[in-house]
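**Q** Protein sequences, first through last, are from chains A and B.
Following our numbering, the numbering of the first sequence begins with 1 at its first residue and continues without gaps.
Following our numbering, the numbering of the second sequence begins with 1 at its first residue and continues without gaps.
Hints in this document: simulated from the structure, not taken from any laboratory.
Predicted, not measured: the structure shown is a model, and the values here were computed from it.
Idealized CB from N, CA, C, for every residue including glycine.
Some clues are possibly wrong.
Claimed, not checked - If we take Cβ atoms under 7 Å as the criterion, some of the chain A residues that face chain B in the derived model are:
(1) Leu3
(2) Pro12
(3) Ala19
(4) Trp20
(5) Val232
(6) Arg233
(7) Ala292
To be verified - Some but not every residue of chain A turned toward chain B, in silico, with C-beta under 8 Å:
(8) Arg4
(9) Thr9
(10) Val11
(11) Tyr27
(12) Arg220
(13) Ser226
(14) Ala227
(15) Val261
(16) Asp265
(17) His271
(18) Gly291
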Amino acid sequence: MSLRQLRETPVPEGAEERAWEVARAAYEARDPAPARRRSPLRPALALAAAVAAAGVLASPPGWSLIHSIRVAVGVKEAQTELFSLPAPGRLLVVSQRGLWVVQRDGSRRLLGGYRDAAWSPHGLYLAATRPDEVVALDPKGQVRWTLPRPGARFPSWTGSFTDTRIAYVAAGRLHVVAGDGTGDHALGPAATVAPAWRPGGGRVLAYATPRGLAVYDADRAAVLWSARGRPVRLEWSSDGARLLARGPVGLQVFDARGRVVAEDDPSDATHDADAAFVPGTHRVAVIRVHGAQSDLFDLATGRTLFRGTGAFGQVVAAPDGRWLLVTWPTADQWVFVRAAGAPRIRAVAGIIRQLGPGVRVAGWCC
Amino acid sequence: MASRSRDERAAVQGAQRGSLPDFESLFRLHWAPAYRAAYLVVRDAAAAEDIAQEAFLAAVRALDRFDRRRPFGPWLHRIVVNRAIDWARRRELRREVGGDALTAEPAPPETSPDRGLVDALAGLTADHRAVIVLRYLLEYTPGEIAELLDLPRGTVNSRLRRALDQLKGRVE
């Protein structure tokens with residue numbers, strides 16, 4: 001009897017590649033650790049590394065996981081195609097194939113090879129980035145203007161029909177440019193995190209600094225308040241009265257003066273993978289990943305809205321606040337969870353086949 | 001061996017800095033042994049895939065906090081084997097009726113280890129399977145196994161001895 005034979009235990013065909021796809025997606029979606037400051041040149045290098053590591057969710061499924069998912073959560077009746085969205089508005093989706101606009105009736109248009117994008121305030125235009133370039137285009141893909149900037153990422157658009165501003169991050173600095181592509185200027189050091197304009201009047205912007213977050217009034221050229229931390233996602237409530245700052249593990253909700261009014265600090269074994277305000281409310285929907293399971297829950301009440309095996313990726317709220325879109329990379333599914341009224345779920349499978357690997361929802365707009 | 005250890009440390013360091021190729025080299029180096037270890041403890045291919053995959057997802061989550069001076073393999077194997085033991089124990093608890101049917105497995109491919117050995121291994125408890133897998137598949141010393149499983153070394157030695165005795169009795 002030779003126990004060395006155990007090393008010849010066969011591995012199922014394709015298992016390693018299935019596992020690699022999931023592990024790679026998780027690796028690319030992780031929040032990179034902050035770089036240690038060693039020399040004046042280091043911040044720029046660290047930012048470049050962070051840009052390179054700030055990937056998107058991608059994952060052909062691990063079939064064994066999928067089996068348990070479908071048994072466990074009852075989305076085996078998932079639609080095979082994204083026939084329609086359950087709420088008004090259009091989705092902006094980025095994948096390795098490029099930037100997509102998905103209409104409510106399910107029709108979709110591939111606009112090109114952009115890696116980040118955001119709607120203009122009324123959904124008439126898009127701001128997007130390619131490597132070293134900010135681009136404004138219309139929803140049919142026609143480019144209106146371009147602005148070459150090294151390492152440009154994460155455009156965010158605000159304003160009225162006649163006067164708009166786009167904020168973005170490039171080479172470790174926060175920039176703001178007018179909606180017509182003129183007057184670009186750098187405001188100061190920034191982490192590579194999407195800035196967020198406060199809805200409503202004025203031009204107030206939340207952005208991640210190297211040491212935390214700052215809320216900046218662009219009209220008065222003044223920082224209104226700041227907080228320490230390491231935010232990786234910033235989002236305002238639809239009335240502009242609350243700011244959600246999600247970190248690598250937990251999250252905080254600030255009021256207009258920068259006071260923490262709610263927070264979630266998970267234990268070591270879990271983390272908050274994403275969170276979003278429900279429009280029209282101050283409710284926050286949170287994705288908590290713990291072990292091989294993920295929950296979508298309401299931060300205020302703790303009520304679980306949806307639960308599944310594997311890792312959920314993003315939660316994105318419909319403009320009318322009635323539905324939440326949960327991306328589920330390990331299942332290669334999107335799940336629409338009703339946020340108001342009686343619980344209801346709609347699932348769509350085959351997201352990678354339809355939109356490409358590395359799918360990330362960049363916005364759900366008007 | 002020392003070179004491999006250096007390579008692994010470099011890969012961990014690279015992966016922490018965001019290098020996908022370095023992370024992939026860690027994955028390629030460790031996934032198959034992790035799968036085999038899980039499979040030999042749980043005797044369920046789908047569960048073994050899940051366990052190996054979850055171990056790597058745990059590795060991704062903990063990557064930034066990982067002490068790069070420590071070897072990556074034992075850390076990963078500790079997760080895999082402990083999860084596999086937990087899974088096997090839970091299955092034992094669930095097995096109320098039809099236990100024989102639950103252990104039925106399709107015939108292994110030609111390249112698999114001797115069927116008698118695999119069947120004999122299946123007859124051990126999960127704890128005993130785990131120490132055999134750690135010793136003879138992953139080649140840890142009894143002292144290292146004791147650290148991995150958080151057990152006294154004497155317990156590991158006695159489990160190894162009993163497991164080997166039972167295996168010999170079943171195979172012969």
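**Q** Among all the numbered hints in the text so far, which are the ones the structure does not match?
**A** Violated hints: 5, 6, 12, 13, 14, 15 and 16; rest satisfied.
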